[in-house]
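Here is how the chains run, residue by residue.
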Amino acid sequence: MSASTLARAAFPPDWTKRFVWIGLAIYTVYAISTLDIDGARIARGMANAARLFDRMFPPNLQPDKLELIKDGMIESIQIAILATFVGVLLSLPMGLAAARNLAPPWVSWTARAIIAVLRSFHPVIVAILFVKAVGFGALAGILALIVSTMGFVSKLFAEVVEEISAKQVEAVRATGASFFAVLIFGVFPQVMARFVGLTVYQFDSNLRNSTMVGIVGGGGIGAPLFTAYQRFDYDVVLTILLIIIGLIMIAEFVSARIRRIFQ
Amino acid sequence: MTRSALQTHATASVLGIRHLRKEYRAGVPVLKDINLDIGAEGLTAIIGPSGTGKSTLIRCINRLVDPTSGEIWFEGQDIAKVQGSGLRHIRRRIGMVFQEYNLVERLSVMENILSGRLGYIPVWRAFLRKFPDADITRAFELLDAVGLGADFATRRADKLSGGQRQRVGIARAIMQDPGLVLADEPTSSLDPKTSVEIMELMAEMSARRGIPIVVNIHNVELAKRFAHRVIGMTGGMVVYDGPPDGLGAHHLAEIYGGEDWQ
Numbered sequence: 001m002s003a004s005t006l007a008r009a010a011f012p013p014d015w016t017k018r019f020v021w022i023g024l025a026i027y028t029v030y031a032i033s034t035l036d037i038d039g040a041r042i043a044r045g046m047a048n049a050a051r052l053f054d055r056m057f058p059p060n061l062q063p064d065k066l067e068l069i070k071d072g073m074i075e076s077i078q079i080a081i082l083a084t085f086v087g088v089l090l091s092l093p094m095g096l097a098a099a100r101n102l103a104p105p106w107v108s109w110t111a112r113a114i115i116a117v118l119r120s121f122h123p124v125i126v127a128i129l130f131v132k133a134v135g136f137g138a139l140a141g142i143l144a145l146i147v148s149t150m151g152f153v154s155k156l157f158a159e160v161v162e163e164i165s166a167k168q169v170e171a172v173r174a175t176g177a178s179f180f181a182v183l184i185f186g187v188f189p190q191v192m193a194r195f196v197g198l199t200v201y202q203f204d205s206n207l208r209n210s211t212m213v214g215i216v217g218g219g220g221i222g223a224p225l226f227t228a229y230q231r232f233d234y235d236v237v238l239t240i241l242l243i244i245i246g247l248i249m250i251a252e253f254v255s256a257r258i259r260r261i262f263q
Numbered sequence: 001m002t003r004s005a006l007q008t009h010a011t012a013s014v015l016g017i018r019h020l021r022k023e024y025r026a027g028v029p030v031l032k033d034i035n036l037d038i039g040a041e042g043l044t045a046i047i048g049p050s051g052t053g054k055s056t057l058i059r060c061i062n063r064l065v066d067p068t069s070g071e072i073w074f075e076g077q078d079i080a081k082v083q084g085s086g087l088r089h090i091r092r093r094i095g096m097v098f099q100e101y102n103l104v105e106r107l108s109v110m111e112n113i114l115s116g117r118l119g120y121i122p123v124w125r126a127f128l129r130k131f132p133d134a135d136i137t138r139a140f141e142l143l144d145a146v147g148l149g150a151d152f153a154t155r156r157a158d159k160l161s162g163g164q165r166q167r168v169g170i171a172r173a174i175m176q177d178p179g180l181v182l183a184d185e186p187t188s189s190l191d192p193k194t195s196v197e198i199m200e201l202m203a204e205m206s207a208r209r210g211i212p213i214v215v216n217i218h219n220v221e222l223a224k225r226f227a228h229r230v231i232g233m234t235g236g237m238v239v240y241d242g243p244p245d246g247l248g249a250h251h252l253a254e255i256y257g258g259e260d261w262q
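Going line by line, the protein sequences match chains A and B.
Read in order, the letters of the first sequence correspond to residues 1 to 263 in the working numbering.
Read in order, the letters of the second sequence correspond to residues 1 to 262 in the working numbering.
Isolated chain B (complex conformation):
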């Protein structure tokens, strides 16, 4: 692909992944030649068995994991190799929601949400908790939007239930003012009812705020119910990419192997 073609492509989509490859041990690729474009809105689900590289793929995008080769186009630049402050500027534009919520347990809910602003403010402000008023106003607004309400603000994160924690995790990601949100198995530690609520919340956030969300999820039913696009991965490769309706039994057999479980 020529450079100009790539760039027109990159403006059409929010995220462009080209020939992405990741090896933790030389010669043993976890991701083999991934090519994807993520559009400007909606919820995209990545399904696939455990150990197939879903989590690695998502972590390559915000560079918590460094890719071995390939390109990742985001906001007009290839971010696969950026370092230092360049990398931090990219990271603050990409929110992340984690399987085990990864809230800082001993900080309050408000502090956890505001930590989404750390990439934007000087260190002394972080140290003194002197966040700009606009950030604090927005944090309260988000606290409301994720269904928790202002009286949760001063509660310590370790006093919350799983579902409440994940709501704070989502608020923290949105607080970053992101151009893209990544969610790594956001419902795997939650009960079925809470899982649905969390997926509903993310789909709503995506639709109302126009933020594209990429969700790793191994619950196929949830993926089909909430995503407008499903990407099926197996063995480090994309084997299905299309609307949830198009995902048939033979696709699932290819993704997860065998058919007895269906």
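So here's chain A without its partners, still in its complex pose:
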């Protein structure tokens, strides 16, 4: 056999995969062509952007504005902390129930169905529902973010639990430990570091989302931000955006630290 036939035998072509890639490439080209992007439009957009940035500078640092922003930011942070705490606490049993290697099928499928419903809607849409249900304010935002936290954390936590080593669990079970003792000594040690990681990540994400639920009346910095946009107070907008960026960076730094501790 020649070298090239040997190469073919070692790496046989996978035509299904090739068709998928080719199809994807064709669709991308088609989709871009329907977007109607041309040089004139980009030039106009650039000019608009330049005007917007020009009106943003310098950021508005008047004391009365800062006071307003401070109140909004603190409320946002509180929303994020409470939603993360309650959401993660509820995700723990939900994720365990959804894990197919621990729970009987009827339990895990019920839990999976509930998680799927929780994940169906964007936090803002959930926030609108809660604003209608419990009225304007932080409570609606907290409830909305609890829902999205549970959707995300319990789904990924269930996957983490499904990946654990069955051997370690079997050994703990063989000592005569009860189900909950097996959870505590056989399962949690294997998943806690990942669970903390998920929690910190979700706190990050809740911090960002908590700045947004305010737009629909869910409390926090979102409302002042949205008002500033509508009143063309772009300098206030910039102040708020800069503070949000700073906050997210601090959160990033803190979460990296926390993750290292629980490794």
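Keep in mind the hints are simulated off the structure, nothing from the lab.
Don't take every hint at face value.
[To be verified] DSS-like cross-link-like pairs, simulated, lysine-lysine; straight-line CA separation at most 27 Å: (1) B/LYS159 with B/LYS130; (2) B/LYS130 with B/LYS81; (3) A/LYS167 with B/LYS159; (4) A/LYS65 with B/LYS224.
[As the list claims (entries may be wrong)] If we take Cβ atoms under 8 Å as the criterion, some of the chain B residues that face chain A in the derived model are: (5) ARG88; (6) ARG91; (7) PHE98; (8) ASN102; (9) GLY116; (10) VAL239.
All C-beta atoms in this analysis are idealised placements derived from N, C-alpha and C, irrespective of residue type, glycine included.
Dock chain B against chain A, hints included.
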């Protein structure tokens, strides 16, 4: 056998297995009619080729695998069918040592050893790591007895070598205060020298503490060297049962098939 005869038999031995059969798929038995009595002390080795049901047999005894039919007599009752708390009470009296050690990697050595007490303490104590003082004292004593010493206590299991891990595995099994210890290929993942050390340790534990140990092992030399009784299995049946000296080439040929490898 009559019930009274069975019971006298059951008191004479620690473990009595009667007509044990296990099928993972209906009609394809992995174990066919196993009958064994394990005495109150010493190390019993079960040898045989891979896939012959040694591991299934051992796992049937502590019910990590449920037998299809037959009886398993241990501490005065047939444990082949017990469920729930009854099963947990039986399991805590049977220690198990695993081929791949099966320590909980992210727990400390001390936590792994103390997990042998989980069947005896309430869950909240396990959660808060509030083990009775007597248990902790005993765990340190065992840590010493398996040759590791107190400074290993707080080390995480994933920082240990294979031989060290198996020593912790043995300490965990003994920590259960067992009436019987099962060992499933405890030396198969270890180098030859460490394998001998681990077998020595188990034989010593068995002799000094009066705990009968049943070891699955495919190394015939180790089995002959450390066991006072060898059980040869092939095709889901016992084909040899006797002292290691009685195990001849023709027995090994029957157990493993062929003779060229000997």
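Hint compliance check: list the failing hint numbers for this structure, sorted ascending.
Violated hints (numbers, rising): 2, 4 and 10; every other hint is consistent with the structure.
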